[in-house]
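Assemble chain B with the ligand onto chain A, guided by the hints.
Residue numbers (numbering that gives the first Met the number 0), protein chains in the order written: chain A, 0 to 476; chain B, 0 to 497.
Incorrect hints may appear among the rest.
The calculated BS3-like cross-link candidates involving lysine-lysine, where the alpha carbons are at most 27 Å apart (straight line), are [as the list claims (entries may be wrong)]:
{"id": "1", "chain 1": "B", "residue 1": "K92", "chain 2": "A", "residue 2": "K375"}
{"id": "2", "chain 1": "A", "residue 1": "K354", "chain 2": "B", "residue 2": "K92"}
{"id": "3", "chain 1": "A", "residue 1": "K354", "chain 2": "A", "residue 2": "K408"}
{"id": "4", "chain 1": "A", "residue 1": "K264", "chain 2": "A", "residue 2": "K457"}
{"id": "5", "chain 1": "B", "residue 1": "K480", "chain 2": "B", "residue 2": "K401"}
{"id": "6", "chain 1": "B", "residue 1": "K264", "chain 2": "B", "residue 2": "K285"}
{"id": "7", "chain 1": "B", "residue 1": "K92", "chain 2": "A", "residue 2": "K378"}
{"id": "8", "chain 1": "B", "residue 1": "K356", "chain 2": "B", "residue 2": "K411"}
{"id": "9", "chain 1": "B", "residue 1": "K401", "chain 2": "B", "residue 2": "K264"}
Simulated from the structure, these hints should not be mistaken for lab results. It should be emphasised that the depicted structure is a prediction, and the values quoted were computed from it without experimental measurement.
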Amino acid sequence: MNLAQLTIPQIQQGLKDKQFSAVELATEAAQFAAAENPKTNAYITLSPDRALATARLVDEKIARGEDAGALAGVPVAVKDVIVTKGVRTTCGSKILANYIPPYDATAVERLEQAGGLVVGKANCDEFAMGSSNENSAFGPVRNPVALDRVPGGSSGGSAAVVAQGTAVVSLGSDTGGSIRQPASFCGVVGVTPTYGRVSRYGLSAYASSLDHIGPFGRTVEDAAALLGVIAGRDEWDSTSAAAPVEDYVAACRQDVRGMKIGLPKEYFAGLAAETGDIIAAAVETLKSLGVEVVDVSLPATDYAVACYYIIATAEASSNLARYDGVRYTHRSDSSRTLAEMYRNSRGEGFGAECKRRIMLGTYVLSHGYYDAYYLKAQKVRALIAQDFARAFEQVDAIVTPVSPFPAWKLGEKVDDPVAMYLSDIYTITCDLAGIPGMSVPCGATPEGLPVGMQILTKHFDESGMFRLAGAFERARA
Amino acid sequence: MASSTIELAAPDVIAKYEVVIGLEVHVQLATNTKIFCSCPTSFGAPPNTNVCPVCLGLPGALPVMNRRAVELGSQAAISLHCNVNPFSRMARKNYFYPDLPKGYQISQFDQPLAEHGFLDITVTPEGEPAYKKRVGITRLHLEDDAGKSLHDGSFKDMDRYTYIDLNRSGTPLAEIVSEPDMRSSDEAVAYLTELKQVMQYINASTCDMEKGHLRADANVSVRLKGAEKLGTRAEVKNLNSFRFLKAAIEFEVARQVAIVEAGGKIHQETRLYDTESGETVGMRSKEQAHDYRYFPEPDLVPVRVSEKWREQLRAELPELPFDRRARFINDYGLREYDAQVLTATRDMSDYYEQAAKASEDPKGTANFVMGDLMGALKGEGKEISESPVPPEHMGELATLIKRGEISGKLAKEIFVKMFAEGTRPSVIMERDGLKQISDTGAIEKIIDEVLAANPKQVEQYKSGKTAVAGFLVGQVMKLSKGQANPGTVNEMLAKKLA
Ligand SMILES: [Zn+2]
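Here chain A stands alone, though its shape is the one from the complex (with noise of 0.2 Å):
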C-alpha cells in the first residue's frame, strides 16, 4: 500500500478485497505521520491508539458483514482547533499547550462513526489566526511540495498532511479563506462548504459568523465524500442549518455542459500573470467542456477585507476572552492581583498576530465606535451578500483565482502584516457571503509552485461545485 497515493475508493476496494485491513492503514499512517513529521512540522500531535483504536471496530465490522461506514479505514488529519475527547487540541496556541479536551467535535464523532482514522492533529496558525502557518507556537508548516515555502493558512498543517500523503483527508478551518488558500499552495482540493452545512461544534471559535469547517482531499471526490459525512444539522449548533445533504459524490461525476459560470472582473485585476495564465487556461478547459462563460461584477469586494477584518477580530476579542488564565489555560505564575493574572496569562499565553486582532476587535466594538465600525461592516457584509446574489441570478458559479500569487518563501511576508492580509482578498468574499467555495488544482508555475481555481456558488449549491470541480478534475487528467 502506498498511503500518499490512495484514496477513498481504492481503499474502500482495497478492504472489500482483504489486501489491507483498516488496523494494518492505521498502523501505516501513524508510521509514515512520525516519519515524515519532521520535514514539515505539519502535526502538532499524534493520535496513533485512537486511530488504531477504530480501525479495529472497522475490521469487526467487515468480518461481521457490516456496512463499515463510508470513510471505513481513511486516515484523517482534525485541525488542531478542532476539539478531540482525550487528544490534545491546542489551537496552534501557547496557552493551551496541554488542553485536553473532555468532548469531541460533531465533525469528529461523524467522522469516525463512518469509520474514519483520526491519525493526528494539524498545525494551523494561533486560532487560525494567519495566512501562512508561520503564526503557530508550535513552529511553522513547511510546504511539502517546496520546503521553504508556506503552505498557506491558516489550515497550513491540513492541507500539508494530505499533499504530503501522511493522510488520505482532512478537517480544516475557514473564516477567511483558511482552507482554500492552503489547498491552492500545496495542490490540494479544499472545501469551504456553505454557512450552516457543518456543524461548528467543537471548532474553537475565531470568528463565529465566518467560521466553518471544510474538508480537503487530493481528490474532489474524495473531498465530497467527507463533507458528505460531516455536512447537516446538529442540534448542538443553533446555527446548522436543516437543508437536505445531497449526495456530493455522485454531483462529482455529473456532465456539467451548460452550466454557465461567471469571471468576476474585480478579481482578476492586479492578479500576478504567471497566476492569470494559469486560471485562464482553466477556463478554456471548462469552455471545451460544454460550460459557458460570461463576465460579471462583485462591485463590493472593493471593501471586503476591510469589512472582514472588523468583524473577524470584533467577534474573535470576544471568543478569545475564555482562554484568562482561570480554568484550562496557561496561567502565569508570577501575579499578585487578579487583573495582573489575566494581563500575565494572556500576555505569555498569546501570539503577536492574536493579540494585534484582540487589540483590533476590542477597539471597535469600544463605546462610541460600534456604529462606525462595526455596524458599518455588517451594512458591508449585506452588501457583498447582495452582489453574489444577483451574480447567481445569471450564473451557475463564479470562478477566480484563490491567491494573487503562489505560496511564498517563509518568512516573507511576516514582518508586513497588511500585506498578509490583502493575500486574503479572493477568498474572504465567500466567507462574508456564507456562500460555498474550493480550491481546485489547476496547474503549476515555472517554478512548479501549485495555483488553485477558486469555484465560488450559492448558498447550499456544493453539488453545483463538485459538478464543475469534478469534470474540471477529469478533464485534466
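For chain B with the ligand alone, coordinates are given in the frame of chain A:
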C-alpha cells in the same frame, strides 16, 4: 470605609427632597435545565458537578436556547403587560470575571424579549393610609447567570485562593427593568413584593430569595421637591432581601441628600450594600465603568415568538394576584388587608377561593383561614398546601356559624378537632354533641334553673345592678355546656328579668 466618614441627612432635611427609584430585578426562571445546555438547575449539588462543556465555556462549545426559558420569560412579560417582541436577539456582554467562564454573558441589548409594560402595586406605608400606584416596566430580557466565587468557607487555603463553583453558570434569568417611577423605599418594597407574587403565581420563578432566585439593583437619586431635572443616580447592586432593599435605599437617600445639602455633587457610580454596617459603599465610578462592548451573539439565531405561540402562552396564565385581590374584595366583601394576606401566594389564594366557594359566609371563612388555620399551620411549621383541613371544610365551618348551628366558641373547639383529624365540622358537631341549642323551650328550662339557683343575683339585677346579667348568662352557657345560642339566651333572660 468606616461609618463615621459618611454623613447622613436628618429626616426633616430629607423631607425637602423627592426620591426617585428605579429597580432592575433579576429573576431566576424555573426551568429544569440551564438556558443554553441541558445541565440541571437544581440547587445544592456538590460544586462543579452540574456542568458541561457549554456552561464551562470550553473551547468549541456552543449555546442552544432553552425553549422553556423563552416561554417563562414571555409569560413573565405578558403578566407585566409588556409587548413581547416577535423578534429579539441575544447579545454578548463582554467582561472578565473569574466566575464568568466564557468571558462574556449572553444577554440581550438593543432588541430585548419584551418592552413597555407596567405593574400595579398597593403601597402600605407604616402609619399612613394605603394607596395604589402604577409602576412602568421598561423591558424584560433574558440572560445567563455566572458562576459563584467562594472567598471564604470550608477550604483551608481560602486565605490565598478563591474557589469557583460553576453549577450556577448558565442558569436562566429574566432581568426586569422598571421605569424610575418609585418615590420611596416603601414603594420599592411594594413593587418587589408584587413582582415576586406575580412571578410565583405564574410559576415563572420560585423567587426563593435565600437561594438568590430574586435579586434587585436599585437606581436611586434625589432632587428638591418640585425640581424638574432628575438628580444623578447611584446604583446599589445585588439586594437579595426586602429588608436590605429598604435599608439600602434609605441609607442612600440620606447619604445623597447630605451631599447635596453640603453643596457637593453626587457621582454616578455603582455601590454595594454592606449588610453588616447597613451602609452602601462605592464600588466603581462612571469612569471606571465597564465598557461591555455589546454585539449580537453570533452563535444563536434570533428569538422568534410568533403570535400564535404568544397567545398560547397567554392563555395558559392564571389570574394574577392584583386582579384576584380586587375580585376577592368585590365578590367576598373582604377588606384590603385581608385580601392581601389571602393572595400572598397562589396556594393561599387558591385555598381561600375554594373555601369561600363552599361557604355561605366567605368573609367569616376568611377570618377562620387567616386566624385559626394559619395559626395552627404555623405552629406545626406547615405550608397551606400541606393543610390537613381541606378548604371545603373551612367553608362549612363558617356556614355553620352563619346558620346559627354553632357559636363562635364552639367553632373554635370544632376546628381543633378538624385540624387534628381532618374530619368535616358538621360530622364533629353531630358526633360530639357540639350543636348550638337555639330551641327556646330547652333554653328556657336552663334559664329557670339558673334563676332558681341564684336568687341573690336576681335580686341585685332587679334593684338596678344590671351588670349582673353577664354572670347569669355565663351560668346558663356553662349549664348548657356552651351549646346554648348566646343571642337567644341574652334575649330570653332580659325578658324573664323584666
Ligand atoms: Zn451545562
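Quiz item: Which numbered hints turn out to be false for this structure?
Solution: 9
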